[in-house]
Every structure is written in structure tokens, then in C-alpha cells.
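Chemist: Just so you know, the sequences run in chain order Y and Z. First residue of the first sequence? That's 1 in the UniProt record's numbering, and the numbers climb one at a time after it. First residue of the second sequence? That's 1 in the UniProt record's numbering, and the numbers climb one at a time after it.
No wet-lab data here; the hints were simulated from the structure.
Okay, the calculated beta carbon distance ranges per label pair:
(1) Y:Phe-183 x Z:Met-141: 16 to 26 angstroms
(2) Y:Arg-91 x Z:Ser-440: 22 to 32 angstroms
(3) Y:Lys-188 x Z:Gly-245: 57 to 67 angstroms
(4) Z:Ser-581 x Y:Lys-188: 30 to 40 angstroms
(5) Z:Thr-156 x Y:Lys-188: 35 to 45 angstroms
(6) Y:Phe-183 x Z:Glu-94: 18 to 28 angstroms
(7) Y:Lys-173 x Z:Glu-94: 33 to 43 angstroms
Pulled from the structure, derived: some chain Y residues nowhere near chain Z, Cβ distances all over 10 angstroms:
(8) Glu-116
(9) Lys-168
(10) Glu-170
(11) Phe-183
Note that the Cβ used here is the ideal one computed from N, Cα and C, for glycine as well.
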Amino acid sequence: MKKKKGNREKANVVDDGEAVQMGKYKKDRKMKKKDHSSSRESEQLVEMSKAVDEDEVYEIPSGDEDCSKGMKKWLTKYHQSRPGLKVLQQRIDDFIIAHETKLEQERKEKEARLTEGGWILVEHHKGRKKTTDSESGTTVGSVSQAVVEEKLAKKKSKELFDFYRFQKREAQKNELMKLQSKFEQDKKRIQQLRAARKFRPY
Amino acid sequence: MRLESLYWLSIQLNLNNGIVAVKLDEVPGLFIRIIPTATSLFNLSKLNLKQNNVRALNTGDVPQPTPKYNCSILEDMFLEENSKFVKKTFSEWEELGEALILLKVWARLRSSIYVHDCLNGFLISVIVSYLVAQDKINHDMKAMAIFRAALKFIDTHPLWKHGLYFPPAGDNAFSEEGNEQHNSSTRVNLAFRIASVAYPELQDEVALTLRCLEKCRDGGFEEIFATKIDNAAKYDYCIRLNLKGNSEVYSLGFCLDDECWRVYEQDVHCLLNQGLSDRAKFIRVIWRNTHSEFNVENGLSGLGSEPLFIGISVSSVEKAFRIVDIGPNAEKKDEALMFQKFWGEKAELRRFQDGKISESTVWESEQWTRHLILKRIIEYLLGRHLSLLKKDIVQIVDQLDFSLLHVGKDPVSYSGRLLGTFEELSKRLRSIQDIPLRVSSVQPLDSAFRFTSVFPPEPHPMATKRVDGARVHNFTPFCVQSLEVMIQLEGSGNWPMDDVSIEKTKSVFLLKIAESLHNNWGMTCTATEEDVDVFMDGYSFRLRILHERGLSLVNREIGRDQMKWVSSADRKLFIHGQHASMINGLQFCYPIFGPVVRLAKRWLASHLFSACLAEEAVELLVAYLFLKPLPFNVPCSRITGFLRFLRLLAEHDWAFSPLVVDINGDLSQNDEKEIDDYFMQSRKADEENTQNKSKAMFLATACDKASEAWTSCSPNPLELKRLVAYARSSANLLTKLILQNQTDSHGWECLFRTPLNLYDAVILLHGDRLPYPKRLLFTSELDQGRHVAHGNPSNAFHPYLLPADMKGSLEQLKTKLMVNFDPLRCFIGDVEKEFSDGLKLWYDSLGGDAIGLTWEHSKKREREESELDRKYPVDLLRNVGEMGKGFVRDVYLLKAPRLTK
Chain Y
1 MKKKKGNREK ANVVDDGEAV QMGKYKKDRK MKKKDHSSSR ESEQLVEMSK AVDEDEVYEI
61 PSGDEDCSKG MKKWLTKYHQ SRPGLKVLQQ RIDDFIIAHE TKLEQERKEK EARLTEGGWI
121 LVEHHKGRKK TTDSESGTTV GSVSQAVVEE KLAKKKSKEL FDFYRFQKRE AQKNELMKLQ
181 SKFEQDKKRI QQLRAARKFR PY
Chain Z
1 MRLESLYWLS IQLNLNNGIV AVKLDEVPGL FIRIIPTATS LFNLSKLNLK QNNVRALNTG
61 DVPQPTPKYN CSILEDMFLE ENSKFVKKTF SEWEELGEAL ILLKVWARLR SSIYVHDCLN
121 GFLISVIVSY LVAQDKINHD MKAMAIFRAA LKFIDTHPLW KHGLYFPPAG DNAFSEEGNE
181 QHNSSTRVNL AFRIASVAYP ELQDEVALTL RCLEKCRDGG FEEIFATKID NAAKYDYCIR
241 LNLKGNSEVY SLGFCLDDEC WRVYEQDVHC LLNQGLSDRA KFIRVIWRNT HSEFNVENGL
301 SGLGSEPLFI GISVSSVEKA FRIVDIGPNA EKKDEALMFQ KFWGEKAELR RFQDGKISES
361 TVWESEQWTR HLILKRIIEY LLGRHLSLLK KDIVQIVDQL DFSLLHVGKD PVSYSGRLLG
421 TFEELSKRLR SIQDIPLRVS SVQPLDSAFR FTSVFPPEPH PMATKRVDGA RVHNFTPFCV
481 QSLEVMIQLE GSGNWPMDDV SIEKTKSVFL LKIAESLHNN WGMTCTATEE DVDVFMDGYS
541 FRLRILHERG LSLVNREIGR DQMKWVSSAD RKLFIHGQHA SMINGLQFCY PIFGPVVRLA
601 KRWLASHLFS ACLAEEAVEL LVAYLFLKPL PFNVPCSRIT GFLRFLRLLA EHDWAFSPLV
661 VDINGDLSQN DEKEIDDYFM QSRKADEENT QNKSKAMFLA TACDKASEAW TSCSPNPLEL
721 KRLVAYARSS ANLLTKLILQ NQTDSHGWEC LFRTPLNLYD AVILLHGDRL PYPKRLLFTS
781 ELDQGRHVAH GNPSNAFHPY LLPADMKGSL EQLKTKLMVN FDPLRCFIGD VEKEFSDGLK
841 LWYDSLGGDA IGLTWEHSKK REREESELDR KYPVDLLRNV GEMGKGFVRD VYLLKAPRLT
901 K
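Here chain Y stands alone, though its shape is the one from the complex (with noise of 0.2 angstroms):
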């Protein structure tokens, strides 16, 4: 506190007036605690620069007593952070809870929904334990799904490419177009290079 006294102290000698504005701006900014808008925030810088005298170098106060800019939010913020792992780990516990009886109850809904719409949902839940995930078809269990694209792959290739005739000409009008748009490019290179006109030999 004693830092503010004393700027405000400081200002009263320089000028009457502009400790009221000084004044002012405080709330302003007090105001601006409550409120995060960028709108109101633009108001505000209007209202300031009204208030402030623009030639004036503007003093910061260190900010030791206020938690909530600077580095002493920033400190504050840090310890809050760290409660112990006990605290985080009921935290979590009651985080993953909560979590899950709402997807519960979405689901519900979503079930509820679907039979005020007039449909019955028919679930089967016996059966083969399953192994893969519905929707995105990954492997859940032991078989991953690189192991079993690798294994595609490897029957893939067993497959003769130039058997027939039909096959080789296809495969050499795809190596010529290939050529082709290889050429293509290169010739759009070198109109970038000439475009940036790199080579200077002199």
C-alpha cells in the first residue's frame, strides 16, 4: 500500500487535477477486473486517455498487494496449481465421475429420444468379446492395426504386375506420363529461378 501513497502523493505535488484523474483511472481499471469484454475494454481505453496525461512517464506499481495482474498472479497462480497429489488425485476422481455420469446421461437421452420417435433400440451385448472399436475400427486387443495393414501389404505384393500385355503398356504410359510431369515441373522451376533471378555469374 505504501507504494501507492506514494505515487498518488507524488502526483498531488505535480498537479491538483491530475491526481483526481489519476483517481479515476484506478477505477477504470478496478472496473476492468470485473470485466474482460474486449468492447468494454475499448470504452475504457477512450475514458483513459482522457484521463492520462500522454506527455507523463506512468509509473507501475510493483504490484506486491495485488494478486491479480503481474507477477504476484503469476506466483499465485503457480502454488494454486500444485495442491499436493492427494487433493489432484480426489480431483480427478471426482472430474472423471462426473464425466462419465453425463456421457451416461446423454446417452440416455439420446436413447430416450430414439424412443419417443416411435423407434426401440435393439442392442445385443452377448457374445465374442469384442476386439475392434465400432466406430473407428481400430484393434482394441492384442492385434494392432499396423501389424494387420503390414500384413495386407505383404499379400499384396504377390501379385504379378506384367502378365499381361494390357498391363505392360499401362505400365509404361504411367512411367511416360510420370516423365512428363516430371518435366513439367522442372521446366516451372526454371522459370522461378529465372523469376528470382538467383544466378548472378558477375
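Given chain Y, put chain Z in place with the hints provided.
Modeler: Just chain Z, lined up with the frame of chain Y:
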């Protein structure tokens, strides 16, 4: 026509061939060189290479042969004839002329071979004419084919040994190459200037060029004809000897076969060659002793004022960093004596592990100062044999090391201990029994583990199990850097399916792990909802879990372009992990990689680019230098590597070509085409959507072909432009410092001092409120612009433990340590949240005390609020300053936002 000036020159620094140059003021840049010739003055038979023509040169009474001197006279005699021959060859042959231009451009770009004792323009034309006379070049060949043929000839034909002779007029019969040397009494060896020490260098340069032709994009055009290969970027170690007024140079007098400067060059070369043995691949000694304002009337003594340049290419880093050189066996008396004579007091007799007793030299050195061994050897040798003083030897080796030191020591020296601790940690993690799923793998992520972190953490005396009170002192930092470690758990089908729950479950696992570590090993752990940090042996590790389900989804994503199902946290972790192991592997192949990356990172941060270029992107850029060094060899010193990094940034054609970093060398042609396609797609998208350009810097790797990992959002085109401009000016400055600068350290510091007047506004911070004040290179001050606000430092935070803190018990003190607390990051985060669309922040995350601000002009904002911004930048800045209460020192306004209408 008026003469502007007229002065003396010499051909290739040889004062025997003095010539007059005339400059005309009508045509700027045009010189006429008048070369005197003497067709009939001398008797040819006396100019045989074995004859003596300098009377003063004899040993005892036996006159020594003077081949160089004779050759230079022969050259004068046959100059007209030879140039006629050259002219005739080139007349009406367009391709040949074009090829000659190509060759000259090629040679001129390479300053190590385009010098007095190697190639010059005339010699190149002579070589080409010679090849035509030899029928090695015919009329069917295109310019590039002729270029290649000439290079092949230089590569296989040792010019300094066989010489290069034209047939005398009328004589068409060529003698065999071997005989030429003997028959040469009446003909001039046109390649007599090529020194035996320069030829291997020339050969290497040619070999590199031929490799470029084969391997590089567009037939190596850029590498061969558009990249300057100057000495600063080519050689690993550059040394300058100041020999002004050194009388020893002239001790032999001026009446020699060769000139005294050339003799001195050879002496230095010989000495270093012997002393460095297999540490150096090439040693090049070049002394451009004449300069353009030289005047014959003033005599010869003023000619050595330019410094002598020594360039050294290291054969391999291991060899260059070797501590012990083993000399001859002690039993071989003669050799041992020679060795002792050469090394003086440095030579010592040692018994080695295999029982051998040998002469040897030992250069005791700590791991992190190994790069200075070469410097010490050179300094010692030059001092001992040429009695040069330390102040006259300028070695470019350690001038940039200051930027990597922390309290006088390179923190990388703690890396060994860090890796040991990590090993132990991973052992403990894998042995944990009391959690549902066991830890299956542990992988380091942080750059400190791969030697590429600018400031790898030093062991903190309090981040251990039992705090050692004695090691806690006044300058013990309050903050601990935490290093990321990635953990994988055993597979399980019981994981939840949605993102949020997965992350929460991970946290639960981490808390359990932390608890277990605490119970079993007594390790201190601290946690937030997102992160869990554990302390061990002075280090703090931040644990992260990679969930395998996310991993398999990543594979799918790459395969089929499905973004929807990828869990972003896992994907990021996965990419980080891949990158870490890739770079770690590379780092083992190239020991100098780490220091170069660290310099690059430090440079970027000091110029406030921390937000623009991700750490990993820098590592990839530097990796590119090592993987695709052409047209150079792989860099073997930190300064050369750093210079090439700056040039890569400045010169790569970011707009038109992707930078492909092929770490394992396993990209196929198809892969490259794929990358090209991605690149084209991204550029096409930019053309259509001019507002939101992405991937200005396109960095592709084998596992990230579309450049999505590191550079997809930043740098944006504007940032990149700034980056390129900074890199260019820094590269130029560094080149100048290496080749010309005197010994002062200020110039070198300038590389890391950023000009603050290039921003619209500047915020200066309290240096003693940064978490690591000693990392600050220079305290920033500003004396221009409008001083808008001033702030006082907060008392709530101190970077070091205060005496008051130390009164309590050590255990209590331990809980006060702050893990990864960084006020700068907090401040930046707050400001960006509030003013993200009006301000852009430039900062140094490695410990700078200045933040640059520039006004952003986003379309949306312009309409609504630019009115306000324009009028009240001062208020805005004061608001920004308020947000950093207790941290911000001063705020300056340099430029109000521009009027845009």
C-alpha cells in the same frame, strides 16, 4: 578519352611479372592491363628448368636450379604465341566459349582455388585449348559436356607434376606425357604456378563438383554456379597471422627462385602439416601480400602488411579432438630425437597400454573444451618455430563460445551425469509394480538429452532425495528446469474412448507412478493437473504418457487423411518422440552437430525469434547442413557450421522449394515426388487464400512429408522475411569477422545483440527477476522513442535463494522450489490472450530482458478498433505494462501504428 588512374599490378602476386593497369573514366569498371612481353631477349637454352639464373642463390659454390624464375621469363617470351593459340581455338566456337564462361564462374566462386598458386582465368582458357588440341573436346559437345570434360581432366592430370605444355608452332607431334618434363627445355609449362600443396585442394573441389552434378537437384546448378564457396564457409578452422613488420619473412633476402612471401607460405604449410599430422585433411596457406595501391618506387618491404590466411579442413572431429599424439618408439633414437626437436618441451616419453614406450604429446583438456586443442597446438608450433607472438595469431575457434557459457562454464559438461540419472530413472520406472499397467518403455524428449539444448540444466542441489546443505549457497537458483520424458504403458482394452477421459486417466496413472516412486525410493514429486514432475539427483523430470491407441490412430491419419479421430495430445507426443530419437541418432554420427544447433538456437533467441521458429525446426535445419553438405564437405567446427546455418536461412529459396531433411537417407524418388506434391498443394492453397498463408518454411522429413509438425503455423511469411533479413546480415557480419576483423570481441558480440529500434514498441524487463539472470547476454537499454511507463520490481519473486529462505529446514526449502516457472512465458501468455489481434510479440525465451512489439493489422480489427489504436497507443502500452507488474521495467513507444486508408 581521359585516363583516370594508372598503377602497378603484378600477375598472380608475382613481382617478376610487373604490369601496368590503366583505368579509364569513360567506362567505369573497365581496366586495361598492359603486359610487357619479351620474345627474343633471352637465350632459350639457358632457361631450362634445371639451370640457375639467379646468381645469389647457391649452396656452397653450387648454383641451385631456379625453375620458377625461369618459367616466369619463359612465360613472358611465349605469351603472345600462347594467347594467339588460345584465341584461335576459341574463335567461331560458341559452345567452347560458353563452357569457358561456366568454368570461370565455377572457379571464381571458389576462393580457395582461384588464387595465385592455383587456377586463374588465363590458365583455364589454356586448359580448355589444350584439351581441344588433344582432341578431348570435339564439336559435338555441348557446353556442359565440355565443362565436365575439363573438370575430369583437372581431376586426373596432376598439373603441378606433369605441367601443361603447348606444342611450339609448326610442331604437331606430341610427345608422351612422361617425356614432357625432360623435353621441356624450350617450351613453357603453363601450369607452373600450380603449387604441389594447392593441387589436392583443387582435386577435392573438382570431386565435390562432380558429385554435385550427379546428386543435386537440377543437375547441381545452384551448388556449382550460384553458391559462393569462400574461405570462411569452407574451412573448419580459419587463422590469420599478422606478419606486418616481421623481419623473419625477409631474412633470406629477395634474390630467390621464388619470392620470400611464397617461401614463407610454404614454411608455414610444412610446419602445420607436420604438427597436425592426420588431424587435418587440408591445410591451405594463402598470403595475398600485394594490394592494389602498391607502388614499385616504394620498394618491397611494405608488401607484407596484409595478414596471412591459413585455412584448415579437419579430417574428422574425433581425430581433431584427440588428446594424445603418439610419436615414434623410444628405441628408434633418430626419429625420437627429431620428434623432441620438433615439439620441444611438449614431447614426453610415455608408456602406453599395450606396453609400448613412445614419444608423445599430450594436450590435456576437458570434454567441453576439446575444440580448442587444435588451437593450442597451432599456437604452440607457430610460437616455437616461427617465434610469432600470441597477439599476432588470430584463430577463429572460440569467439562465439561466450554465448553458450553459464557462469564461465559450458553447461553441456553436465550432460553425462544427466544421461546417467535418466538411465536410473527409467530403470526405476520400469520396475514399478504397484500400478495396474506396467511401464513398458521410457524415452527422453527434451533437447538436453540429445546435446542440443542451449542450457541443459545443471544439477540443482535441492532437487535430490537428501539435500546437501553444504552445496546450497547464495546463488542457488529458485527455479528448476524440468525435462520431458515420455512413458508408454502396457497395452490394455480398458482405456476410455473419449479424449478428455483419456487425458484424465493419464494424469491418474502419473499420480500413481509419482506416489510409487515416492514410497519406494523416497523421490520428491510435485504435480499439477496436467504435469507431474519428479526430482532425482538434482534434476527434475516431467513425465508424459503416450497412449498406444492414439499411436495407432496416428498411423491411420498418415495413411488416409483422416484428421477427425486423432487425439491431438498423443499425436504431438508421438511426433516429439520420433523427432527426439531421429536427432539423437544423428547427433552420434556428427559430434559437432550439438554445438552448431546450440549456437543457432541462441542466435535466434537473441534476435527475439523464439516465437517464430520451433526448437525442433532449428534442429532439422542444422541437420540438413550435415546431411546435404554439398557443395561443401560436412562442417567440422561450430563456427563454420553456424555460418552455413545462417546462409541456409538467408539463401534457401523458401518460396519455391521445400527443404527435405532426409535423416536416415531412406527417401525414395516416389517419396520425394510425394513431398513435392504436398508442397505444390500448400503453395496453391496459399495463392487462392492470400490472407492465411501457411508453411512459409516447408520442412519435410520422412515421417512428416507435408511439413505439418513444426512449421505449419510459424514462421508466417512476414516473420520469415524478417528472419531471412537478419540471417543475411548476420552471415555477412560473421564472414567479415572471420576474414578481416581485428581481435576485438565487440564485433563478435554484435552477432547476438539485436537492434531494438526495429520494433514499434519495446518492453524492457527487470533482468534480476528473470529465473536465470546469468543467462542474459547483455542488459538492454534504449535511448530513443517515448518512455511510456516505468515499473518497479516485485519483491515476491527472486531468482536466487535469499539468506532468509535458508533459515528454515532444508526439507521445507525443497517444497519452495519452483519447477519450470517462467515469468516471461506467463507475461507473454497474458498479453497474447488480451491483445492477440492488435499486437505481435517478439521475445527471447532463453533469458533475454527485452520484448519487441509490432502492430498487427488484421482486417477485422481495422474496421472496428483501429481508430482507437491509432489514437491511443500510449494507453495500450500502459495497459500491457500493467499486466507485467513487478516484472516490466520500462515501456517505450517508437512508432505509432501506421494509418491505413
